[in-house]
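Number of protein chains: 2
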Amino acid sequence: MQSLQQKASEWSGVNAADAFAIDETNLFQKLGLQTFINLSTNFYTRIYDDEEEWFRSIFANSKKEEAIQNQYEFFVQRMRGPALYSERKGHPALIGRHRPFPVTHRAAERWLHHMEKALESTLDIDTYSKLRMMNFFRHTAYFLVAGDELKNQNQRVPCKHAASKPAAA
Amino acid sequence: MQSLQQKASEWSGVNAADAFAIDETNLFQKLGLQTFINLSTNFYTRIYDDEEEWFRSIFANSKKEEAIQNQYEFFVQRMRGPALYSERKGHPALIGRHRPFPVTHRAAERWLHHMEKALESTLDIDTYSKLRMMNFFRHTAYFLVAGDELKNQNQRVPCKHAASKPAAA
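Protein sequences, first through last, are from chains A and B. Number 46 in the numbering used here belongs to position 46 of the first sequence; there are no gaps in the numbering. Number 135 in the numbering used here belongs to position 135 of the second sequence; there are no gaps in the numbering.
Worth flagging that the hints you see were computed from the coordinates, not collected in a lab. We put the beta carbon where it would ideally sit given N, CA and C, even for glycine. One or more of the hints may lead you astray.
Claimed, not checked - Pairwise CB distance ranges, derived in the manner of DEER restraints: (1) B:Asp50 / A:Asp124: 50 to 60 Å; (2) A:Tyr128 / B:His105: 40 to 50 Å; (3) A:Trp54 / B:Lys63: 40 to 50 Å; (4) B:Gln6 / A:Ser57: 26 to 36 Å; (5) B:Asn26 / A:Leu33: 11 to 21 Å; (6) A:Asp124 / B:Arg46: 41 to 51 Å.
My request is simple: use the sequences and hints to build the entire structure.
In structure tokens:
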């Protein structure tokens, strides 16, 4: 069976070494807190205004301000800054916390499209950091698509008639 | 609804500030790689020899050497050392990766019992670091008990007769 990491690499086209090259530099020290806040603000401004309703609706039950804070605190923590996210919310637990959302290949691509645009429109992120971050985001998005599939495995267990229905493609 | 963090704090008796006080010092720099390898070796030697079969059997499908490596690489990464775990396996995704295991209150206590003994028997860990790590482990163990409950929530969805059964206390 392919591991989460293998699926993430294969589907995203980004190998693990490139994805986790974010750890070679302290991107938090390089970019600073305000840049991460700006990036997540730009990102979610795009998301909550997305013309594609199927994608926008995934976020309908979350408040924009909270989504922004969750994201930039996680980015800051993962990119070697203070553990803002864990102090407030606990472990990132990326797969567990994405459990309520349909993290499909299509949703991953839409997320990545908006993140690429958000990176472009955020001042003070140099090309080197943008490339590193995009590789990390691309690999992580597909890591979560792989994580989402675990959910379907579990859902086939509880009752007999559910097992006879094929899982949605 | 209580958050994962709130449940972890309430059930473990360790508040988030104390759990994530591991971030105030770079414990990896302080203790070094070999100490983490020794700790996880001591821990899993106890686990795989546990006289309590119900607990030992949780690990029966994992190889001891692999369990040791997974654990010390995660600890090293989380305690501000190199991202050994992610380079090899991807995001820690603690809840997602514990999905196959029954992470009950009882299992958390047994895990913590062995970890406390393993910390005691590992040379070169000072009292200050032991205390910090134990707070982190205790909070995290109950964070995963809280994460485990999400599994049961999902399992109530797929079929009607499942919804009529009350969840186990």
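Hints, verified against the model:
1. B:Asp50 / A:Asp124: 50 to 60 Å: 53 Å Cβ-Cβ, so the 50 to 60 Å window holds.
2. A:Tyr128 / B:His105: 40 to 50 Å: 47 Å, holds
3. A:Trp54 / B:Lys63: 40 to 50 Å: The hint (40 to 50 Å, Cβ to Cβ) holds, given that Trp54 of chain A and Lys63 of chain B are roughly 43 Å apart.
4. B:Gln6 / A:Ser57: 26 to 36 Å: 28 Å, holds
5. B:Asn26 / A:Leu33: 11 to 21 Å: Check passed, 20 Å falls within 11 to 21 Å.
6. A:Asp124 / B:Arg46: 41 to 51 Å: 50 Å, holds
In this structure, none of the earlier numbered hints is contradicted; all agree with it.
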